[in-house]
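Engineer: We have chain U already, so just place chain V on it with the hints.
Protein chains: 2
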Amino acid sequence: MRKVAVIGVGCTPFGEKWETSFRNLFVDAGARALEDAAISGEQIDELFVGNMSAGRFVDQEHIGALIADYAGLATKHVPSTRVEAACSSGGLAFRQAVTAVASGNADIVVAAGVEKMTDVGTGATVDTLAGAADREWEGFPGATFPGLYAMIARDYMHRFGLTREQLAMVAVKNHRNGARNPNAQFQKEISIDTVMQSSLVADPLRLFDCSPITDGAAAVIVAPLERAREFTDTPIQVLSSAQASDTIALHDRRDISTLDATVAAANRAFQLARLERKDIDMVEVHDCFTIAEICAIEDLGFCSKGEAGRLTEEGYTALDGTLPVNPSGGLKACGHPVGATGIKQVYEIVMQLRGEASGRQVDGEIGMTHNVGGTGATVVCSILGVV
Amino acid sequence: MRKVAVIGVGCTPFGEKWETSFRNLFVDAGARALEDAAISGEQIDELFVGNMSAGRFVDQEHIGALIADYAGLATKHVPSTRVEAACSSGGLAFRQAVTAVASGNADIVVAAGVEKMTDVGTGATVDTLAGAADREWEGFPGATFPGLYAMIARDYMHRFGLTREQLAMVAVKNHRNGARNPNAQFQKEISIDTVMQSSLVADPLRLFDCSPITDGAAAVIVAPLERAREFTDTPIQVLSSAQASDTIALHDRRDISTLDATVAAANRAFQLARLERKDIDMVEVHDCFTIAEICAIEDLGFCSKGEAGRLTEEGYTALDGTLPVNPSGGLKACGHPVGATGIKQVYEIVMQLRGEASGRQVDGEIGMTHNVGGTGATVVCSILGVV
Numbered sequence: 000m001r002k003v004a005v006i007g008v009g010c011t012p013f014g015e016k017w018e019t020s021f022r023n024l025f026v027d028a029g030a031r032a033l034e035d036a037a038i039s040g041e042q043i044d045e046l047f048v049g050n051m052s053a054g055r056f057v058d059q060e061h062i063g064a065l066i067a068d069y070a071g072l073a074t075k076h077v078p079s080t081r082v083e084a085a086c087s088s089g090g091l092a093f094r095q096a097v098t099a100v101a102s103g104n105a106d107i108v109v110a111a112g113v114e115k116m117t118d119v120g121t122g123a124t125v126d127t128l129a130g131a132a133d134r135e136w137e138g139f140p141g142a143t144f145p146g147l148y149a150m151i152a153r154d155y156m157h158r159f160g161l162t163r164e165q166l167a168m169v170a171v172k173n174h175r176n177g178a179r180n181p182n183a184q185f186q187k188e189i190s191i192d193t194v195m196q197s198s199l200v201a202d203p204l205r206l207f208d209c210s211p212i213t214d215g216a217a218a219v220i221v222a223p224l225e226r227a228r229e230f231t232d233t234p235i236q237v238l239s240s241a242q243a244s245d246t247i248a249l250h251d252r253r254d255i256s257t258l259d260a261t262v263a264a265a266n267r268a269f270q271l272a273r274l275e276r277k278d279i280d281m282v283e284v285h286d287c288f289t290i291a292e293i294c295a296i297e298d299l300g301f302c303s304k305g306e307a308g309r310l311t312e313e314g315y316t317a318l319d320g321t322l323p324v325n326p327s328g329g330l331k332a333c334g335h336p337v338g339a340t341g342i343k344q345v346y347e348i349v350m351q352l353r354g355e356a357s358g359r360q361v362d363g364e365i366g367m368t369h370n371v372g373g374t375g376a377t378v379v380c381s382i383l384g385v386v
Numbered sequence: 000m001r002k003v004a005v006i007g008v009g010c011t012p013f014g015e016k017w018e019t020s021f022r023n024l025f026v027d028a029g030a031r032a033l034e035d036a037a038i039s040g041e042q043i044d045e046l047f048v049g050n051m052s053a054g055r056f057v058d059q060e061h062i063g064a065l066i067a068d069y070a071g072l073a074t075k076h077v078p079s080t081r082v083e084a085a086c087s088s089g090g091l092a093f094r095q096a097v098t099a100v101a102s103g104n105a106d107i108v109v110a111a112g113v114e115k116m117t118d119v120g121t122g123a124t125v126d127t128l129a130g131a132a133d134r135e136w137e138g139f140p141g142a143t144f145p146g147l148y149a150m151i152a153r154d155y156m157h158r159f160g161l162t163r164e165q166l167a168m169v170a171v172k173n174h175r176n177g178a179r180n181p182n183a184q185f186q187k188e189i190s191i192d193t194v195m196q197s198s199l200v201a202d203p204l205r206l207f208d209c210s211p212i213t214d215g216a217a218a219v220i221v222a223p224l225e226r227a228r229e230f231t232d233t234p235i236q237v238l239s240s241a242q243a244s245d246t247i248a249l250h251d252r253r254d255i256s257t258l259d260a261t262v263a264a265a266n267r268a269f270q271l272a273r274l275e276r277k278d279i280d281m282v283e284v285h286d287c288f289t290i291a292e293i294c295a296i297e298d299l300g301f302c303s304k305g306e307a308g309r310l311t312e313e314g315y316t317a318l319d320g321t322l323p324v325n326p327s328g329g330l331k332a333c334g335h336p337v338g339a340t341g342i343k344q345v346y347e348i349v350m351q352l353r354g355e356a357s358g359r360q361v362d363g364e365i366g367m368t369h370n371v372g373g374t375g376a377t378v379v380c381s382i383l384g385v386v
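Just so you know, the protein sequences line up as chains U and V, in that order. For what it's worth, numbering that gives the first Met the number 0 labels the leading residue of the first sequence as 0, then goes sequentially. For what it's worth, numbering that gives the first Met the number 0 labels the leading residue of the second sequence as 0, then goes sequentially.
Hints are not guaranteed to be accurate.
Calculated cross-link-like contacts (lysine-lysine; reagent style PhoX-like; alpha-carbon spacing at most 25 Å) [what the hints assert, rightly or not]:
hint	chain 1	residue 1	chain 2	residue 2
1	V	K277	V	K304
2	U	K2	V	K2
3	V	K75	U	K304
4	V	K277	V	K2
5	U	K277	U	K2
6	U	K304	U	K277
7	V	K304	U	K75
Worth flagging that the hints you see were computed from the coordinates, not collected in a lab. In this text, all values refer to a predicted model and were calculated from it rather than measured experimentally.
Chain U with its partners taken away, still in its complex shape (with noise of 0.2 Å):
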């Protein structure tokens, strides 16, 4: 298997982008992408495009064709591949990407996450959104995303003793990253209170406790390492990326608490980089409400269970603490169009290890990303190194 680096990257601004639609999207973060690595389309050897439910969104599937077509790919006959794991879509086609590369059997490879999400309304989406769960077991009998995040919240809290405004502190955390990241949706710091008087949405989250309904796009483009420094003088090696399945209904779960794909594509992504917890100084993680970055946290390694909370409100997940988490502002504050999610990531961590991050840059030479599908049935980590 050959060795992988990122040699350019792209990102929209994400939000309410009611002015551009899903085709205008993608094709805006693919040129940025194709910039950054200074390439032309006329490089590319393949495209995977991670998106969760464009059929649903805006009644298009097909997703990968259509793609390679307006990136003008589709004379030169690239094969392009969707990927769909609800909101580690993104996640899952960034390794496809780097599978490609690391096999061989192509050299530049794009892996790109697009969603329109705003294009429908709320019932409609709240509903597609529910499509990530067991539709059958969960999404019939009523549950919606917030609900089943809230029963995590709930059994954490009262197993754990996590404090209302410890779970508050997460999102204090993220919207002040956000507030430094220019491609946010929300660029604006938010106290604790902000989220102890928004409306409730599912005891015991709140509105500021979820991440929002994003449109936005992400392209990273990748290559052999061996060939990186012919496109770009900082490339970004990928020293590993991995995939892990749970049950797709909460309730059939070991305990609900703990995301056992979480820990189980962390074991092996760290395993296959040969590196420990201690090495990672920077992670983008799965924040779609607050209590899934604490449990992330914990479930990712980073500390015991039960402790990602005061850690949390001690400052060590900050963007000058121990280890950054979420410099982008997460899911909570950048925003989260949920098939680009995972390829945000890990444009959010190329940027901080070339010392690109501007306002909200952290130090460091080694970063995580973890990206979620529905409540934990698919999970994918990947670490990330300065060459």
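Structural biologist: Chain V in isolation, oriented as in the chain U frame:
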């Protein structure tokens, strides 16, 4: 890259399966494949699932995790990835599974395909399938899939003198083959008159020119060739699997009656396998409409442009002809559960090469599959051979 072999296959009966569910379909196909390979679920390292539009057909996304779960693999945290490229989703899942094994990422990998299409009404089905074409430039202005293929048929008949009767002969042949396939949706022979007197769908295409709406699933298991005999006495080697894209909209093509992505994917598949057209003993082609089989035979390179109608009429593509085309009955008679079709094609070629196709058995040691997404925006071709 390691050599890869198919060590087990399974396929459900195809048809209108109102008595069963989406998840039961793939569990059924998977169980058949496991039994065929004489392995247990414990031995599986990774899954790839082809599915076009469960989001719209059964309100469920996150298909990879769902399938891993219902296959009993969730607790082992086996990675599971859904890939989508409209009607070529299954073919792409197969290619990704082959890459996973060839690269050394995994040893025992399942490629499955599934679609449950009959749980929604006809209008919703037609609209969902239109999501395989360009929604903004074809679907919204009113083009349906039969309409798009009708344009291809009209153009082809005008330019190459194909007769309406020759087109009907494709359906007659495929129904004759389907009548010998116990999994086929239609196990009944038809005459040219049956086709000619059936209702007009989109001029010149009539009801019996069109593949049906189908529920079904299929699964194949691949492993390194060097380990294949641990599992089976009749391993079938994957000699190549190649994929190509084209413009998603038909009107953007160089020539609407030539599927350039078929030409590109086939050329690549033959190049990778180091074989010539004359080496192929049988082929399963993507006959979503009768005209599609005519184009496929030519675009795959088995004859010159304009000759496939005459060859069909002369019996060249019949079960006892020089090059049997669609021994399974094809999409036309065996049925077309869109995400499953590409895997069913591999299933059929494996059954043929093993000599287990009973009533529809043809001679030969090398077979080929040809799976198309949309009107040709994605094509994947695979070549398989007796070891």
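Engineer: Compare the structure with each hint and give your call.
Structural biologist: Evaluated hints:
1. Taking the CA atoms of K277/V and K304/V, the gap is near 17 Å; set against the 25 Å cutoff, the hint holds.
2. For the proposed pair K2/U and K2/V, the alpha carbon gap of about 21 Å is at most 25 Å, so the pair holds.
3. For the suggested pair K75/V and K304/U, the alpha carbons sit about 22 Å apart, so the restraint of at most 25 Å is met.
4. As the CA atoms of K277/V and K2/V are separated by approximately 23 Å, the hinted pair is consistent with the 25 Å bound.
5. Our distance criterion of 25 Å between C-alpha atoms is met by K277/U and K2/U, whose separation comes to about 23 Å.
6. Proximity of K304/U to K277/U is assessed by CA-CA distance (about 17 Å); at most 25 Å being required, the pair is judged to hold.
7. The hinted pair formed by K304/V and K75/U meets the criterion: a straight-line CA distance of about 22 Å does not exceed 25 Å.
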